[in-house]
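*Asks:* Residue numbers (full-length UniProt numbering), protein chains in the order written: chain A, 1 to 185; chain B, 1 to 185; chain C, 1 to 185; chain D, 1 to 185; chain E, 1 to 185; chain F, 1 to 185; chain G, 1 to 185; chain H, 1 to 185.
Honestly, the hints are just simulated from the structure, not real lab data. Treat the hints with caution; some may be incorrect.
Claimed, not checked - What follows is a list of derived Cβ distance ranges for each label pair: (1) E/D170 / G/P167: 43 to 49 angstroms; (2) D/Q132 / H/A76: 39 to 45 angstroms; (3) F/A133 / E/K185: 30 to 36 angstroms; (4) H/D170 / E/P140: 56 to 62 angstroms; (5) G/K50 / B/G141: 48 to 54 angstroms; (6) G/K154 / D/Q132: 49 to 55 angstroms; (7) E/G141 / A/Q132: 27 to 33 angstroms; (8) E/S168 / F/P167: 32 to 38 angstroms; (9) G/P167 / E/Q132: 48 to 54 angstroms; (10) C/K128 / A/K185: 47 to 53 angstroms; (11) C/K185 / E/Q132: 55 to 61 angstroms; (12) E/P140 / D/K50: 30 to 36 angstroms; (13) C/D138 / E/K154: 41 to 47 angstroms.
Bear in mind that the values here come from a model prediction, so they are computed numbers and not experimental data. Note that the Cβ used here is the ideal one computed from N, Cα and C, for glycine as well.
8 protein chains.
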Amino acid sequence: MKKLSLRTRVLTGAVAAAALSAGTFGAMSANATEPAAAPAVAVQADTANKNLQQSTHLTIDAATEAAQAALDAAEAENQRVTVAVVDRNGNTVVTLRGDGAGPQSYESAERKAFTAAAWNAPTSELAKRLAQAPNLKDIPGTLFLAGGAPVQVKGAPVAGIGVAGAPSGDLDEKFAQAGVAALGK
Amino acid sequence: MKKLSLRTRVLTGAVAAAALSAGTFGAMSANATEPAAAPAVAVQADTANKNLQQSTHLTIDAATEAAQAALDAAEAENQRVTVAVVDRNGNTVVTLRGDGAGPQSYESAERKAFTAAAWNAPTSELAKRLAQAPNLKDIPGTLFLAGGAPVQVKGAPVAGIGVAGAPSGDLDEKFAQAGVAALGK
Amino acid sequence: MKKLSLRTRVLTGAVAAAALSAGTFGAMSANATEPAAAPAVAVQADTANKNLQQSTHLTIDAATEAAQAALDAAEAENQRVTVAVVDRNGNTVVTLRGDGAGPQSYESAERKAFTAAAWNAPTSELAKRLAQAPNLKDIPGTLFLAGGAPVQVKGAPVAGIGVAGAPSGDLDEKFAQAGVAALGK
Amino acid sequence: MKKLSLRTRVLTGAVAAAALSAGTFGAMSANATEPAAAPAVAVQADTANKNLQQSTHLTIDAATEAAQAALDAAEAENQRVTVAVVDRNGNTVVTLRGDGAGPQSYESAERKAFTAAAWNAPTSELAKRLAQAPNLKDIPGTLFLAGGAPVQVKGAPVAGIGVAGAPSGDLDEKFAQAGVAALGK
Amino acid sequence: MKKLSLRTRVLTGAVAAAALSAGTFGAMSANATEPAAAPAVAVQADTANKNLQQSTHLTIDAATEAAQAALDAAEAENQRVTVAVVDRNGNTVVTLRGDGAGPQSYESAERKAFTAAAWNAPTSELAKRLAQAPNLKDIPGTLFLAGGAPVQVKGAPVAGIGVAGAPSGDLDEKFAQAGVAALGK
Amino acid sequence: MKKLSLRTRVLTGAVAAAALSAGTFGAMSANATEPAAAPAVAVQADTANKNLQQSTHLTIDAATEAAQAALDAAEAENQRVTVAVVDRNGNTVVTLRGDGAGPQSYESAERKAFTAAAWNAPTSELAKRLAQAPNLKDIPGTLFLAGGAPVQVKGAPVAGIGVAGAPSGDLDEKFAQAGVAALGK
Amino acid sequence: MKKLSLRTRVLTGAVAAAALSAGTFGAMSANATEPAAAPAVAVQADTANKNLQQSTHLTIDAATEAAQAALDAAEAENQRVTVAVVDRNGNTVVTLRGDGAGPQSYESAERKAFTAAAWNAPTSELAKRLAQAPNLKDIPGTLFLAGGAPVQVKGAPVAGIGVAGAPSGDLDEKFAQAGVAALGK
Amino acid sequence: MKKLSLRTRVLTGAVAAAALSAGTFGAMSANATEPAAAPAVAVQADTANKNLQQSTHLTIDAATEAAQAALDAAEAENQRVTVAVVDRNGNTVVTLRGDGAGPQSYESAERKAFTAAAWNAPTSELAKRLAQAPNLKDIPGTLFLAGGAPVQVKGAPVAGIGVAGAPSGDLDEKFAQAGVAALGK
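Just chain A, with the same shape it has in the complex (with noise of 0.2 angstroms):
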């Protein structure tokens, strides 16, 4: 086979390194619940290397910390849940099964926090989405329940946070906001 002469990829969207910096999370930005909108993505080319590329992840103490502020935030309203956050490729880097949270909320809490950081937005506005594209929920790993938020740099998905367990999705991702927020402090 021929080999390929490789194009310098331009990412057009791609997020300058430089740029992020702290203080930047915790924004949902305008556009992120546009089914339309090309999410911007957190990777970069390398100039030095075309072959390369860099992509932005939290590090586990940051993960550690959202996750740690979403568990807090339910507790202080004494609901039960469990807490995850997952990377833009869709790894878990973090769970945390709240004391007494229920046995469906580890894995619910997993697959929101894998939506969320999917389609870059939270799966209270995801599940919305259904009503034109109702099969999106058969893709595998994901959850349309409220409940999953990301969490994004200056718009792009770095990961996102998941919880479940609550009464009700509104109170699990009233929790993951605050795991999202608790970054950008």
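Position chains B, C, D, E, F, G and H against the provided structure of chain A, taking the given hints into account.
*Replies:* For chains B, C, D, E, F, G and H alone, kept in the frame of chain A given last:
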């Protein structure tokens, strides 16, 4: 990483161990079917060691007795079912595949029991909640079909009993409730 | 089916709840590595209700603290690992995927923790038992590699901590033991 | 495709139904541990309809009785185990997760029961056969660890009983055999 | 645990073995599509040993003949399908992947056969029942699409035949019924 | 069992091998979206040996070229997607996880490709068929979301191309069709 | 991405379609058991379209005939087995669960057939190769136990036949070879 | 829970981004096969935001080029293989199922690539390490067979290339190394 100073955890919904006495089983608390109510939790802090908590389970003898009572109730009406008992952590404790029960009944019974224990409500009630939150049923391990009943201690779930195989879910759940009732005798 | 007359269950190996006090963690009992010894069990009969029993778990705060201590120990030696805490029922309670940990480390850590909790012994010891019973390692969910350590309360297992990703299992287990040790402080 | 002229099937190893009487359980036939012996089969042709055959199963009452006898035997020696009964077709009929049994014991008990029913021999014997055919243990669903015992009717397997959780497989198998023995009483 | 005194089990819906004669196949009993009817069961108590019961299966020759008849019926209409026969216990007995059948047809045929055997009704009828109980289709192993037909002996299911791959489920089910009909010849 | 006299199989819908020439790709046949049409099949009898048949596949070079064309089309619109090519037997031949594609896109692309190849129609058309047969989407391995396109040779499917990750399925499918079109050049 | 200029693919090991004639089955080529020999491949380039290739499969009639011959051979020796035929792509084409075959035999037969088709050698030979490459047996879907035989056309594999359930793998493989031999008649 | 004061994380083994330049691929570092060496890690702290880190990946163009080079190398020796590229997080990036590759080769290639990326060493080296730690191979997702090679940037793994299907693992690995080498050109 700095050491966490573990705060004293106060489980406000917890059940005092001394309160777990015979005769408390079987009655569904009035608010069990209210989706927004935070379920009480059969977990208690350990006063002597802040790192530990206790969770409450049926003994295997009690779980077996409940399962057999459910199976007996089904057989008394000439129905062929499988019965499962799942603990609050989602682990199956007892299964009894009744004579002539269909092949779909085994995993169905387990999932009904899991679902009832997870949400602390009969699955017939939970199926109705799908009107508000239809994607609840996509949570792995669940089945939103009548036939599952929670085993409660002072309102908190300690197990779920699931029955499957009868021609209707209502019948299945009647038998599951007979299993719960046997524990109060 | 005739009703069972439930006999009073006497858990001779059970741990009295009052005895669960701070400072009992971390020391492996001398006979923990003897394969023929019946492990003590952190389960106690409920004196007030013959149908119930209590099981002992780490709080999520304690489990998180232990996991963080294990991760800190690894990072102090510049090792990149994942840490998992699994309860005595085999359910994962906490996972922390350390920065730069290899992709194999996540499930590996969970399985080491599961194995240590199930057999109440460090996995380095359990790996040696394969000389007598090589097929033990075919039991689903297990991994017989050094890196798992049980969390014990007066000799009974209440959890397992698993670490994976360091260049040797001995290093992994050293970090897991650091997690156990943190609970006794 | 041309119609097959179905030949009359003569199951030379089949057990005459009339011969299935109480008291035939429990004794391992002398050749049960001979690897090359073709197992007798608890299947009989239906004399009235050449398209049908009958297979023999334990009733759920008998299977439950056997499982309870195995659990009782374990508890009498202060061992904490899970017991499973699997029918000749490999389907689980009864599970009893004993108080305090380790998390690995549930699936382990099922697999031991499956293995004993499949090869019509105690799993302690089957484990020895691996010396000649080591890859037998790679067959899905099996576990070649002592602790499984077949339930036979005139030498043919109708079920398997598996026990797991004791400190040695020999103990597990002793309890499984106690379950088999209960059926002959 | 006290020994159960096993009561004599009377399977009131059971089929007398002597009644299983040629020519009883193929006609759907009138009430087969009534969801509330308790299905008769092809299981009989063993009069000589209270611990045993018999279950009825197709011989492999009969199952193969039925599968081939279904495949022939499809090919006669130039349709490319897979055919599966599943026994009453849910185990697959025969599969035939027809020439040119699509890749989705294999597992689809198995699930249709499983579903028809489990509920003792054609899957075209069962799909209609979802109007009353929509979550039935979440039971693992099932598929509520036309194309499955039960094999009955005096109204009790002994197997299911599933066909998949034709452009409509009605065609698939016509072929499955041709398979059932072949057994009565 | 009596030997079958294998009948000469006439695949009336089969494609003559000589007819498989360059330039036949890319055009959806007019009836491809008619659910009741029996799809032509890219399988041919082997005239020299009645036991054999031939099936047609893309070469890996062609499949790679198509996948790259689909990825190029997506990148030209600044969309981040994964592309998969699945053959007529349902086996994945090529996957390309585009830079920055979401974690849900990988399995989603494979399933769209599988679905398009299985039913020989674009998944946007297949999603519409759910109005008549809603449970089609429960068949394992499928995904009824726009983004899959069949690769046809004279109307018969030889592969499917699936794209996932763009903000709408219509975009995904546009890119998949670009992959199909590349084969005709 | 630049368009690949697809080179003309020359499959030097390919089998000319005209050469696929009756009578070529059944004889293992002499070098089939040599681990280092590159297997010939039953794939041929399509001379009229550089993007396509043809692969050779058994017809379902031939595969069924072979499976039945294997089952007949087993029954002639009073052995109870399951037979599976898997094509060169690893997809199961036919399964026949013989009367009285053990529950382990079904998946075991499929895996033996898969393994024989994948490596183009009897599994008895392949098991010997583990002496040099013991971890071959960890490849998913395989089983390195005697009982599988490849179906070859001029030395290239077009299918595998697997038999399981007899007391020894040698017997299983004898029956599998009888299935292969039936194709040459 | 008290807020963690996130310490500044110093990844002492991290690779400075500026150092990632063309021409650094392909050479195995001398200590790559030393089991006790802590692998360098292609992860760097983000100096501007303590919560973030960057990880390095191949672009899809580079990964595809490497996979094609590996496939070309195999075809040049008339070997039929599947090639997979897996990133450092264990996610598959590219698969190419070569013409005529056996069905076992697809998942085998993925696992070899995963294993090489996880341990940052060729799988031929890793297979030797099993002499010291035989149970390494029980870690899910791994395969300890020659044929996998890591892609390194200054000694840190950024991907793995796996090849499977040739008659020996040494050949497979030679082709995988050809894929690695292509990245340095």
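*Asks:* Name the hints, by number, that the structure is in violation of.
*Replies:* 4 and 6
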